[in-house]
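Sequences and hints are given; from them, build the entire structure.
Residue numbers (our numbering), protein chains in the order written: chain A, 1 to 151; chain B, 1 to 244.
To be clear, the hints were calculated from the coordinates, so they are not data collected in a lab.
Some hints could be false.
For each label pair, taking beta carbons as the anchor points, the in silico distance ranges come out as [stated by the list, open to error]: (1) B/Arg94 / A/Phe46: 41 to 47 Å; (2) A/Tyr37 / B/Val86: 47 to 53 Å; (3) B/Phe44 / A/Arg75: 27 to 33 Å; (4) A/Val120 / B/Val35: 41 to 47 Å; (5) A/Arg75 / B/Met51: 16 to 22 Å; (6) B/Val226 / A/Asp57: 49 to 55 Å; (7) A/Ile76 / B/Ala240: 46 to 52 Å; (8) A/Ile76 / B/Val140: 20 to 26 Å; (9) B/Ser134 / A/Met110: 38 to 44 Å; (10) B/Ile219 / A/Ile28: 28 to 34 Å; (11) A/Thr24 / B/Ser134: 53 to 59 Å; (12) A/Ile106 / B/Val190: 33 to 39 Å.
Among chain B residues calculated to face chain A with C-beta under 10 Å, some are [claimed, not checked]: (13) Phe102; (14) Ala158; (15) Pro194; (16) Ala222.
Ideal placement from N, C-alpha and C gives every residue a C-beta, glycine not left out.
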Amino acid sequence: MSTVASTASDDPAESTTPARAMRTDVYISYWFFAVFYGALSAGVIFMGRATPPPRPDVTDIQVAHWFAQHHATIRIGFAILLVIAGGAAISNGIGSQVQQPLACVIVGGMLLSPICSLLVIPTFARLFMPGPRKAEPAEPVTSAEATAEPA
Amino acid sequence: MQVLLEDENRSAATNLRAQQAILWSTPAVAAVLLVLFAAFPGFFPPMSPNMTAAQVAEFYRDHTAMIRFSMVGFNLCGILIVPFFVLILARMQRMRGQSHIFAFSYLSAVVAGATLFALSDIFFAVAAFRTDRSADLIQVLNDLAWIFFIAPIGMLVAQFVLLALAIYFDDDRDPVFPRWVAHYSLVTAVLMAPSAGAAVFRDGPLAWNGVVSFWFRNIAFAVFVVVMFLVLRSSYRREARESA
Chain A
1 MSTVASTASD
11 DPAESTTPAR
21 AMRTDVYISY
31 WFFAVFYGAL
41 SAGVIFMGRA
51 TPPPRPDVTD
61 IQVAHWFAQH
71 HATIRIGFAI
81 LLVIAGGAAI
91 SNGIGSQVQQ
101 PLACVIVGGM
111 LLSPICSLLV
121 IPTFARLFMP
131 GPRKAEPAEP
141 VTSAEATAEP
151 A
Chain B
1 MQVLLEDENR
11 SAATNLRAQQ
21 AILWSTPAVA
31 AVLLVLFAAF
41 PGFFPPMSPN
51 MTAAQVAEFY
61 RDHTAMIRFS
71 MVGFNLCGIL
81 IVPFFVLILA
91 RMQRMRGQSH
101 IFAFSYLSAV
111 VAGATLFALS
121 DIFFAVAAFR
131 TDRSADLIQV
141 LNDLAWIFFI
151 APIGMLVAQF
161 VLLALAIYFD
171 DDRDPVFPRW
181 VAHYSLVTAV
191 LMAPSAGAAV
201 FRDGPLAWNG
211 VVSFWFRNIA
221 FAVFVVVMFL
231 VLRSSYRREA
241 RESA
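Rendered as structure tokens:
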């Protein structure tokens, strides 16, 4: 939290803004994050009836019965979750700024890795690894031998 | 020092020109998306959730070519609308009186929303991929496609709310966007949010073909893009005047 606030305060244009006002957006995001995951857990557990999960060895009839039994709460719970699902975006956004250098390293590595895989490794393999063993030249087969009936 | 200042000015001007180029590409992208939307035979009128499995399978058999054309087109071109929202993100990063937390969250919401839209295209395309399979399976894929297309509204709602919050936190003396954009953004969120009901209702205005879930949702989104295009254009013009 402090990192985000300190980054924002680097801008000289913001230096006149009171420190408390600068951090309010971070507080709102953090509290939204907490409320969203609370609502998500409550929705999944109490409305979606996803906890405990149905056993994997249940039959089709049992699955259909389970959905028939809970269809109202599943629909209400997951419809609410569809509306508030954007909270996941806010939780991803928190800390994104401080993760920027890490993202550069990851994306850079992902770009470099195919070049290594496609060019560098095959080049070194060609230079230093023993090549495929050359096959012994087969004796030429004459047409007379090829057409001859086996004895 | 003089050279450094000139370099910074040149860089800012180049940055502004690049953003304006993306902005002016938006009408072309919007026109392509509109053509693809009109090309899908299931949107005019939108297919009913009450169609039987046999009717759904027949629809996919009768319109396979146009469904494939529109959905492959959406998969290729749908993502091109993302740079437009990145322009909004870039403006949000210029807003003062806040950290960049709303802007980064906005980016997450844009990316996730675009991914969900792409998934719905894929389900439509998969339903049209083997039209000779059982009608029940085609109906399942059709349900998935429609519900993925209409119901997951959370990421769009988050976008509108985050934009509004960023504008409310902006400096009143020199705002990047006028204050009414925040109110308008919240109104759009309220108009679009009920379309989550498409995952629940099969009749009425909240069904996926209903007035609220289909027409309000899509028209509100299209109008928002048009309004934000004009707002962004005005913002760039003001920045160009100030830098000149």
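These are the hints, each one checked on the structure:
1. B/Arg94 / A/Phe46: 41 to 47 Å: holds (43 Å)
2. A/Tyr37 / B/Val86: 47 to 53 Å: Once the Cβ atoms are compared, 27 Å apart, the range 47 to 53 Å for B/Val86 and A/Tyr37 is violated.
3. B/Phe44 / A/Arg75: 27 to 33 Å: holds (28 Å)
4. A/Val120 / B/Val35: 41 to 47 Å: Check passed, 45 Å falls within 41 to 47 Å.
5. A/Arg75 / B/Met51: 16 to 22 Å: About 20 Å separates the Cβ atoms of A/Arg75 and B/Met51, which means 16 to 22 Å holds.
6. B/Val226 / A/Asp57: 49 to 55 Å: Taking Cβ atoms as reference, B/Val226 and A/Asp57 lie about 54 Å apart, which means the hint holds.
7. A/Ile76 / B/Ala240: 46 to 52 Å: Holds: the Cβ-Cβ distance is about 51 Å, inside 46 to 52 Å.
8. A/Ile76 / B/Val140: 20 to 26 Å: At 22 Å between Cβs, range holds.
9. B/Ser134 / A/Met110: 38 to 44 Å: holds (41 Å)
10. B/Ile219 / A/Ile28: 28 to 34 Å: holds (30 Å)
11. A/Thr24 / B/Ser134: 53 to 59 Å: Given about 56 Å between the Cβ atoms, the range holds.
12. A/Ile106 / B/Val190: 33 to 39 Å: holds (38 Å)
13. Phe102: Status holds, d = 6 Å.
14. Ala158: Where the cut-off is 10 Å and the nearest Cβ of chain A is about 2 Å from B/Ala158, the hint holds.
15. Pro194: holds (9 Å)
16. Ala222: Interface hint status for B/Ala222: violated (20 Å vs cutoff 10 Å).
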